[in-house]
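Chains as they are written, first to last, in our numbering: chain A, 1079 to 1467; chain B, 1079 to 1467.
In short, the hints are calculated from the structure, not lab data.
Note that the structure is a prediction, hence the values are computed from the model and not measured.
Don't take each hint at face value.
Taking beta-carbon pairs under 10 Å as the criterion, some of the chain B residues facing chain A (in silico) [said to hold, decoys possible]:
| # | residue |
| --- | --- |
| 1 | 1162 |
| 2 | 1210 |
| 3 | 1337 |
| 4 | 1345 |
| 5 | 1347 |
Virtual Cβ for every residue (Gly too), placed ideally from N, Cα, C.
This is what each chain is made of:
Protein chains: 2
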Amino acid sequence: MEYEEPKFFHVMQYAAGADGDVIDMVSGNPDWEPPAALREALREYADLPPGAFQYPPSEGLLELREAIAERRNVDPDRVVVTNGTGEANYLALACAFERAAGDADDAGDADDAGDEALLMDPVYPYYPGKVDMLGGESTLVPTERDGGLDTDAIREAASGDTALIVLNTPNNPTGAVYDLDAIREVVAVADAVADAVDALVVVDEVYDHFDLTGDFESALALSSDRVIVTGGFSKSMAITGFRVGYGIFPEAYVDDAKTRHMLVNVAGARPSQYAVHHALAETPPDYYAEARDLLADRVDAFTDALDAAGAEYTRPEGAFYVLARFDGFPGTMANVKRLIDEAGVAGMPGEAFGTARDEWVRFALVTPRAEEAAERLADYFADGAPDSR
Amino acid sequence: MEYEEPKFFHVMQYAAGADGDVIDMVSGNPDWEPPAALREALREYADLPPGAFQYPPSEGLLELREAIAERRNVDPDRVVVTNGTGEANYLALACAFERAAGDADDAGDADDAGDEALLMDPVYPYYPGKVDMLGGESTLVPTERDGGLDTDAIREAASGDTALIVLNTPNNPTGAVYDLDAIREVVAVADAVADAVDALVVVDEVYDHFDLTGDFESALALSSDRVIVTGGFSKSMAITGFRVGYGIFPEAYVDDAKTRHMLVNVAGARPSQYAVHHALAETPPDYYAEARDLLADRVDAFTDALDAAGAEYTRPEGAFYVLARFDGFPGTMANVKRLIDEAGVAGMPGEAFGTARDEWVRFALVTPRAEEAAERLADYFADGAPDSR
């Protein structure tokens, strides 16, 4: 496979090996407490009889699927609990590419889905990696300067070979929260383009609890049988290591997703599912609001300092990240290493996220030292980019 | 995809809906206690700081990989911790089929691995399901009457199109424990057959702790760069729901396996890995020996009753299962349902495991009621098969 070791690990390793004190703004791991009910549920689970330690249903614990379905206002039969949102995205992409494969005997090649995925640029690098693994081709479609969807560009890029369009809102890395109307337009493009098998739209909503605008609407509101929505609890419950995500599939694709999930993973981890189910039932809205407020405060402090540093940036509407551009200091791996060594701040090079933001650096705000990092950046760039001083 | 809902679920559902008391001998879930240290580690984990709840390394917690490597006497770099042995087998099969895919640009089609998998018949049904999902073709190769490897049949079946050969020892469903010399011969076949890319041998050793002969030897002893060994803790620690398995890959395939694992699952569940690591370090050999002795006692009691029922069977050398054949009562789904309704015992129809044992029924011994079930079978068949009475 072509997928190289993510630049993510490369930067993390470099930062870990650096001489001075480095503030990690690379990883997307929340740094705050998980829900108290999650810890309590794990303690409870540890004392359950042996039967509770055996395989959960392949598609996930029924009570968890029902709780997700209730919150998402969908039929529980459409919910497949996965090993994190990552697996849900993998299943969704595989569904889109392989729709005709199971029917190949009846239908012949004419009915095959295409092998192209339209991905928004800048792009979360796992998406093109998964596309490549599944034998598809990625086409990067530029977004608006602020990260919003450019529906005209998507319409122009789409063709009979387009098997699916992948969206992520709130967006990593841009922080954009997509308008539901724009997503509706994208679904209309998916409906219209293909000669034989229409395209699907996969919407990754893993950051849905971190909408800072108050205007986020799930793509499920479109009630489209072309839309697969994925999500999970890694970010909302600050438990990226628990690996509990889910896909909400249109009825026509649920069986394919379940089959692939079973053949790849058999089932997800039951202790994790048990803990998430209890946390979902028992965690008050305040918990989520506090995490969101914490993030909003960090956005304020960090963007104030970016102003002081003379950086260009788009204020994120959601998710965990700020993309920033420093004049004369493009977001290359070399410059990111320089920031680690000379400013004591580790970010992600924009070139890791496709082509649209290769001048930029992504900073993750999931550290209590976000403000301090911003001050370091302001000091470092106080007299302009280092090479132009 | 062609893979149908496993007959497993169908039988389980039928048994659950039956009128009378039914003894479940369908599932492979251990019914005994997990290690005490595993429960204790989960309690500890529940109180760790938030950082411990975030992504483990994609290939698994280092301390767990090192512990596995030490027990398996391999380099830790070869160990990838997976979401159960199921994922490890998936990665291994994918490695075998796609070896040339990454090098397609350099090498052209001539160097592609073939698309055939040789599977032993009777077969654990997930293997052909995975092969089909990966676009390969399964060829079933008969085993000896006692379940042992028929190396001549394997040699005869192998061709330039053979990408891999899958073995499982101790075996589900036959209970056979393969001789290391026979596995060595299979590896020699894999070495010899292919025109361009040699075949790999995948050896699933998930039942390695349930060797009742004392003679089991891991295929790792062959030190072959054609052999991938998979395993896990689902059975040995009685935690099928924790989803902690591993693959031990030859150096040339580790990166491919890690990449696919990352793109599909990102990582496995950290609470599970943490608990397994502690249980591995702190559980005395007695724990494993007691589970094995329990199983051996059940084999004795169950096969005694099969004798009384006039059934044909092979005494298992390992794993959890007994295959039995009752004269005039072939192991069809219909007859298995009849056993549920009329004898109060649920087994798996032999036809679920390929073609070689479709006259047989598989009984799993992971129930405290194994002896009672055997008595019910003896009573039921006391006067011959029901239709011939």
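### Message
Hint validation: residue 1210 of chain B versus chain A, beta carbon distance must be below 10 Å. Holds or violated?
### Response
Since chain A brings a Cβ to about 8 Å from residue 1210 of chain B, closer than 10 Å, the hint holds.
#### Entry: Interface hint for residue 1162 of chain B, Cβ within 10 Å of any Cβ on chain A
Constraint on residue 1162 of chain B satisfied, holds at 5 Å.
### Query
Does residue 1345 of chain B pass the interface hint, meaning its C-beta sits closer than 10 Å to a C-beta of chain A?
holds (7 Å)
### Query
Does residue 1337 of chain B meet its interface restraint, that is, does its C-beta lie within less than 10 Å of any C-beta in chain A?
holds (5 Å)
### Task
Identify whether the interface hint at residue 1347 of chain B stands, where standing means a beta carbon of chain A within less than 10 Å of its own.
holds (4 Å)
Going through the hint list in order, the structure satisfies each hint without exception.
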